[in-house]
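Protein chains: 6
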Amino acid sequence: MMKKVITFGELLLRLAPKEYLRFSQASSFDLVYGGGESNVAVSLANYGVSVDFVTRLPKNYIGECAMMEMRKHGVGVDKIVWGGERLGIYYLEVGSGARGSNVVYDRANSSMATIKRGTINWKEVLQDATWFHWSGITPAISESAAQECLEAIKAAHELRITISTDLNYRSKLWQYGKTPKDIMPELLQYSNIILGDLDTAFFMLGKNKVHPDYQDEKSLPVLYDALFQSCPNLITAATTLRYSIGASHQQIGGVLYDGKSIFTADVKNVTPVVDRVGSGDAFMAGLIYGLIHNVDDQQRALNLAVAACCLKHTIKGDANLVTLEELEKLIGGDASGSIVR
Amino acid sequence: MMKKVITFGELLLRLAPKEYLRFSQASSFDLVYGGGESNVAVSLANYGVSVDFVTRLPKNYIGECAMMEMRKHGVGVDKIVWGGERLGIYYLEVGSGARGSNVVYDRANSSMATIKRGTINWKEVLQDATWFHWSGITPAISESAAQECLEAIKAAHELRITISTDLNYRSKLWQYGKTPKDIMPELLQYSNIILGDLDTAFFMLGKNKVHPDYQDEKSLPVLYDALFQSCPNLITAATTLRYSIGASHQQIGGVLYDGKSIFTADVKNVTPVVDRVGSGDAFMAGLIYGLIHNVDDQQRALNLAVAACCLKHTIKGDANLVTLEELEKLIGGDASGSIVR
Amino acid sequence: MMKKVITFGELLLRLAPKEYLRFSQASSFDLVYGGGESNVAVSLANYGVSVDFVTRLPKNYIGECAMMEMRKHGVGVDKIVWGGERLGIYYLEVGSGARGSNVVYDRANSSMATIKRGTINWKEVLQDATWFHWSGITPAISESAAQECLEAIKAAHELRITISTDLNYRSKLWQYGKTPKDIMPELLQYSNIILGDLDTAFFMLGKNKVHPDYQDEKSLPVLYDALFQSCPNLITAATTLRYSIGASHQQIGGVLYDGKSIFTADVKNVTPVVDRVGSGDAFMAGLIYGLIHNVDDQQRALNLAVAACCLKHTIKGDANLVTLEELEKLIGGDASGSIVR
Amino acid sequence: MMKKVITFGELLLRLAPKEYLRFSQASSFDLVYGGGESNVAVSLANYGVSVDFVTRLPKNYIGECAMMEMRKHGVGVDKIVWGGERLGIYYLEVGSGARGSNVVYDRANSSMATIKRGTINWKEVLQDATWFHWSGITPAISESAAQECLEAIKAAHELRITISTDLNYRSKLWQYGKTPKDIMPELLQYSNIILGDLDTAFFMLGKNKVHPDYQDEKSLPVLYDALFQSCPNLITAATTLRYSIGASHQQIGGVLYDGKSIFTADVKNVTPVVDRVGSGDAFMAGLIYGLIHNVDDQQRALNLAVAACCLKHTIKGDANLVTLEELEKLIGGDASGSIVR
Amino acid sequence: MMKKVITFGELLLRLAPKEYLRFSQASSFDLVYGGGESNVAVSLANYGVSVDFVTRLPKNYIGECAMMEMRKHGVGVDKIVWGGERLGIYYLEVGSGARGSNVVYDRANSSMATIKRGTINWKEVLQDATWFHWSGITPAISESAAQECLEAIKAAHELRITISTDLNYRSKLWQYGKTPKDIMPELLQYSNIILGDLDTAFFMLGKNKVHPDYQDEKSLPVLYDALFQSCPNLITAATTLRYSIGASHQQIGGVLYDGKSIFTADVKNVTPVVDRVGSGDAFMAGLIYGLIHNVDDQQRALNLAVAACCLKHTIKGDANLVTLEELEKLIGGDASGSIVR
Amino acid sequence: MMKKVITFGELLLRLAPKEYLRFSQASSFDLVYGGGESNVAVSLANYGVSVDFVTRLPKNYIGECAMMEMRKHGVGVDKIVWGGERLGIYYLEVGSGARGSNVVYDRANSSMATIKRGTINWKEVLQDATWFHWSGITPAISESAAQECLEAIKAAHELRITISTDLNYRSKLWQYGKTPKDIMPELLQYSNIILGDLDTAFFMLGKNKVHPDYQDEKSLPVLYDALFQSCPNLITAATTLRYSIGASHQQIGGVLYDGKSIFTADVKNVTPVVDRVGSGDAFMAGLIYGLIHNVDDQQRALNLAVAACCLKHTIKGDANLVTLEELEKLIGGDASGSIVR
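Residue numbers (numbering that gives the first Met the number 0), protein chains in the order written: chain E, 0 to 340; chain R, 0 to 340; chain X, 0 to 340; chain Y, 0 to 340; chain A, 0 to 340; chain U, 0 to 340.
Careful: at least some of the hints might be erroneous.
Pairs count within a copy or across copies, as identical chains cannot be separated in the list.
As the list claims (entries may be wrong) - Below are the SDA-like pairs computed for lysine to any residue, each with C-alpha atoms no more than 20 Å apart in a straight line:
1. K58 to S170
2. K328 to V102
3. K71 to Q24
4. K71 to W81
5. K17 to I338
6. K328 to E216
7. K328 to Q298
Don't read these hints as lab results, they were simulated from the structure.
The shape of chain E in the complex, shown without the other chains (with noise of 0.2 Å):
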């Protein structure tokens, strides 16, 4: 059959000057439409993969300019619910070489930061999936949104659907009164796949990573397997490996634990980049994507995983707008860049 997946997150829309210039010297903006969870589906779209994703935008022509770039990429758009009052920006001026990039938000008050709990029927929604994928932004925005992600969660462990989750740790978010530590222990317990570096989940799960059985990178599973401990539906968890040596100069690796081998992939040179905004989800959309085709081949997943990311630093906007045949190319060892003609 068919795998169906569902990703549920907020859209936004990014707003960007040309090229490298600063946000003072800026007459237009470039626009895109965004997000960890869109991001997430539209990879699995041009993978081949089945996908709906599920959010709520305002009833207006900005709202749905935001769901036609959906469609337009093969993702299932009719599970949005409409309502609220904005849809959420990011201002992103793109940085080079030794000066970063600077991203201001205005996503408070968006549609999906006031979402209801209940707003979306879950079991209905879910029906068709096999598959359910959110990250740690939804909790971050609103405590209904939260609310509502819980929801999300619980129905889909009733459904016996795989919940895999990216930690997508945002400082400059969780502004309404609770911490990650607050909200995301109960969330995170039904996640049986988790993307993020150990120490954000620690943090997240309110935990202090230092173990007595920890002193190098061969001690590695007692942390992670503390991890699998406190996540009792956990079955993958994997950690994007990134090195930033300058804005236009990143390293990428990976790692993968399975509850019992450590997997790992080659760190890759990334350069010049392009955009390195959406190469977290890119990972985790290899990453789910090799899960559901290769079910026992942990480092394929880890591979796809690692050559999305990689490429996604190679395309402008959010989404990893690659085909399955660059990955393998990629993952064959051919990063040549040379054209076929």
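Got chain E; can you put chains R, X, Y, A and U on it based on the hints?
Leaving out everything else, chains R, X, Y, A and U in the frame of chain E:
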């Protein structure tokens, strides 16, 4: 002595698709910063008037860009207060012919809307001023903005500063539980100059415009006199006459009453229309300039206002980037648009 | 039950210099995707009609982009067949005033032109449909396209689906050795609705329009009756009236005959013209919408068609990106193009 | 034998904000190269006439770009001389409606202005020519340019080459201490064809236009005869009639006198105006083409001139990028701007 | 005597999304005109060589624009023949880092592909020439193009004109039922200079590259000698060395054999890459220039070729818009990219 | 007391093709305004220093735009004098890799070059200042500019204002008959801070750099001491170290001598390079800021200078639009260019 004008209101970021594209066709937005009262300030600066714009802006890159744009045009920005979370936005889709322009407001919870009464030390701000301008937009955005506007007005009145008001009714605002008639009568009682059509004026004052002595245009003074009675400090009332033949063709005239006589300006055809947003503000600024510089020549003030309004339609953006010489040329009857070389 | 419309035809890539530049001045081409029948599909999707577009596209990046654009606008794309070598192109240089627009066709050997009879399983494609739309362009591009069009028409007729046809005569096509009168009479005999002027209709049917009883406009029905006699399934015939005052000024009206009465719509001035390509398709879509939703109100169907045609002139691109509300506003007499805010 | 035309003058870089932006709104300038006499050359090349443009350009990247643009349009560039320091510039702000276009000249000390008498070997340059064209701009830019212009004129006259002149009065030029009447009478005495209104002609000749026998338009020939007396080689005098309704609406006609009869062309409405710069040069080129190819048909020459002038208003840039077929179409009465497809 | 070069081949329209956008993100295409042999012509014109480009272009606006672009760059266009239906197109998506560029060809049935044997009067075209250049693309596009290419080669050979060939193997071409080894051996037997790697050369000649005496790089001459034996007129064979580290980083060197000695050029790093299309043509043009101007200095010819190839990577478009001075600077060892001011 | 800086120099219009296009490929120029001394002023304003820029601008639209750009960035413009004919221009073609950038100057006869001695009332201009900055460009553009520069320097010296100088040698200037050694010694004797490499310093002072005691880097102080002897008011001398690996890769360090000790900053890699113009001015401004705010910490001043210089390479335009926080981050060792969100 050099006249010093203070205008007070909200500054917005305008995001508009290029040319006549619909929102769903846009891959970028042209950006300008504007707002009714800042537009008046820019116009006055263009005419050589010393002018400061007072508002509240968020202390982030976007707020700074908004301020820099005012400063670029020679408007004083030292009295701007910094705080709050966001710069308000309006999305503009420019129409053509029978297709009108569309505006999507996203200005709730802006730094200006969340201003608190007493944020600004009006005594200090107004100490060198001889003129204070506000519009009906500020009391429409939030209760606290309305309160701070009243503080400003009272301080100006106490300091015997001339107060001008553009009624600027926006039906999509006034969302905070009050209607114009709850708020505006108190504010308008201090106004010395009011711009707005009589319907709007009576609506805002909560009065019925029907008057027993009104029969036709010749008895227009009886309506204005009723307005003057409601606004004890009123000296001059003016109205923009606007007939919209289509998004690309407007007809613009004006009426002014000084408590004794009606002055009118011939209706001018304006076609094509490059951008009609801010044309009322252009009228207001022309009027203020005229009333400052030609105290006893109401006809000239009206002519300046109408010429400014007409020329604004040829300028992209909210602000009327024209010179006094250009106003004079049009008042002098030269609408030929010919090149001098 | 929800009406389901199928439109069938070629989708082209349009390449146009920016603004009013001539080809020799262009350093880039703006690109849109369009075509008579896909334009009808996009319009209907905008009006909330369930609609699928059927065509044949090359399985390369350009073909995929064309499909994605349809999908973005909510047109069903699942019935598109993939094959062939290329997407047809037309180059468009937009005129102004007395300088007309220029079209350079480069559509020979497109995937649609090389479609073979039997490529599409029409029984299956049309199974849920209640309306089938085709135009005179498809039989003009190649003999095999004409054959496949006939297959579609016959299948639709058998399934008792309403068939609408836009005559769409293009003198630069019909290059494969057949003339309209060799091909069109057989195809048109199944049409229930025909859009096109009478000269074109009689020309395509290989008939002489001269009629002994025709004297002036009042005897127009005698001509239409002759058309109805040639097309035994015809129920409604309509014509766009178009007077071209210049590339920037058109006058648009319409005539409709339902076998009994002549309906007319007032001629409207359309100026300026942003883009007149696709205005006939906009008329067609308005007509179809009206005939579907207001079965007994031919005047309303005509009004919708004319309003849609007028508004298309204000929209860049082939497709008429307007809403039903905008049609209603214009039908209601509001051509003022005013802003609501 | 193929007619060979030589035009002589200055080539300028035009820098213009996009669309209708004011200078202070521009973040980029669109660039074109143009000038009265080069515009005539490009027009003639478009009409299939063999034509060389003679000027002096700086030997730097900017000068080379200017030359390449001429070459692109098929104008001979082998006779251009290289030297001097800079290419002259003019900044153009395009107006709309009642706001006229603005020109800022920055052309002093250009390579053409600093040309020395004798720089060009006119005998050689003109050896294959049958027509020489110059305009009143060249003697206006510097004394040495005026001298070199006279050299050219004398050489052409000696070689019995037809000489045409566009009076092209520019009040912002003539800054070098001489006035037109000091310089132009000597130059104009060799002209066989003069384009310009009579006021300008008499002003440049230092004569009073008032004539005892002139009463109304019917006695126009008496004025022209006076002009002919001052210019002993004059055969044809023509004038563009231009009424400026606004920057976006011009009315264009023409008058021609051949020493015997007055010919006139109907005034045509030109709206909207894409770019009116160079429309006089377009008129001139149409006239030259007509006088070369239809020696005895003055009316046709005038019609070509007026049609070319009208169409220029629809073309961006200085040069009139239209074809003979387009002129013929407009002369034939088709101003419908319709698309052929 | 001035050397006169003729290059013969197809001219294509290149359509490319802006910057690094993927096809599905493009709302416009940047356009340039190019092709292997026209690129060589433009390079030679830049270096001051008299050069004509011969091709067949459609007589429509697009064909004319292609010609104008050649003319702009100083390439002779008088020998171009006009006819056929269309200009071939290639769509280019520019890659970055590990994501390679993509090319979609749409060049079937172009005016050049449908050229007939005998269309061009080669005796006449070549009469003043001293050098004729063709590439392996022309015989790859259609059988008749291959035939006309052979006609040209034979005529050149008879006229004792030097013949150079770039092997330019394109696997996506050769679609007309012949393979390189069916066609190329006859054509290559007249070549005096061949550019291409040995694998391609032997493949096209239908030979096995394996040679009993070849062991390592030192015995490279034995392979070249085998090539010389297959091509009896061969004097010089050269190869571009290219190592693709990624789409943004190339390494470029070269090898040349003159029948006696191997010449090599140091491999240079080229990063970043602005546009690598046409870098082989740039190498070819540098080689031709060197062989024409420095007959006995093969090392210099190779150095010029490699320098030109490197610099091409910094230029947008197909053609290598650099000067001889820039080549010399790089050959001289200055790759610092410093500004002179 | 707030330190007040005055910088004095020429403001130029920069015209540059988009991205990496060559001049001959440009259809538009991006425009910025800049110049060595205005760049210093903008930097200082960004760092919160009160600063005025003094220059002479033409009273036309272009001059006004230049002033508005300074005002936008918070630089005081009230002391600018208006007059003269033109704003100087420089055309910039941005290089990449081994292809260097090209500059074409067109700045002769600018309003600044034609300034007369005594135009500016320096006593008044400098009355509130504590720092005066000039560079070697001003005395290079014309004799009268050199004279006025001397007037300024003398006035500053009399007022005991700190004087800083960037040697800024431009070989393409100095065209008015004087060489640096004729002019600079007198000007430099008043300088308290000099930025420039020692070769340039000695060249400008007309001295031989060879020194008997100089052996290697360790004896660098002997050279600096010689410089200090020639410039009796000198307190601090600094040099930017710049190694150009290519147009896209620079290495930046710095050296400072305070009469006692040598301070050095580590050489940093800067790649890619967005725009290197103005990086020396950025260094200068960082130095000035450091010397003003950290009087006794020469190492910190140098670090600020080097960090500012590095970051400038990531900013498009002449001026270094970075904040103090960004300088601090880089000085603190964070060159990761990571995003905070």
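Cross-check of the supplied hints:
In the homo-oligomer, the alpha carbons of K58 and S170 lie at most 20 Å apart only across protomers (18 Å), although the nearest pairing inside one protomer, at 29 Å, exceeds that limit. In this homomeric assembly, K328 and V102 come within 20 Å of each other (Cα to Cα) only across copies, at 17 Å, whereas the closest approach inside a single copy is 33 Å. When the C-alpha separation of K71 and Q24 is checked against a cutoff of 20 Å, the pair qualifies only between copies, where the shortest distance is 11 Å, while the shortest distance within a copy is 31 Å. When the C-alpha separation of K71 and W81 is checked against a cutoff of 20 Å, the pair qualifies both within a copy, at 19 Å, and between copies, at 18 Å.
Taking the shortest alpha-carbon separations for K17 and I338, only the inter-copy value of 18 Å comes in at or below 20 Å, while the best intra-copy value is 27 Å. Taking CA atoms no more than 20 Å apart as the test, K328 paired with E216 passes in neither setting, with 30 Å inside one copy and 30 Å between copies. In this assembly of identical chains, the alpha carbons of K328 and Q298 lie at most 20 Å apart only when taken from the same copy (16 Å versus 38 Å across copies).
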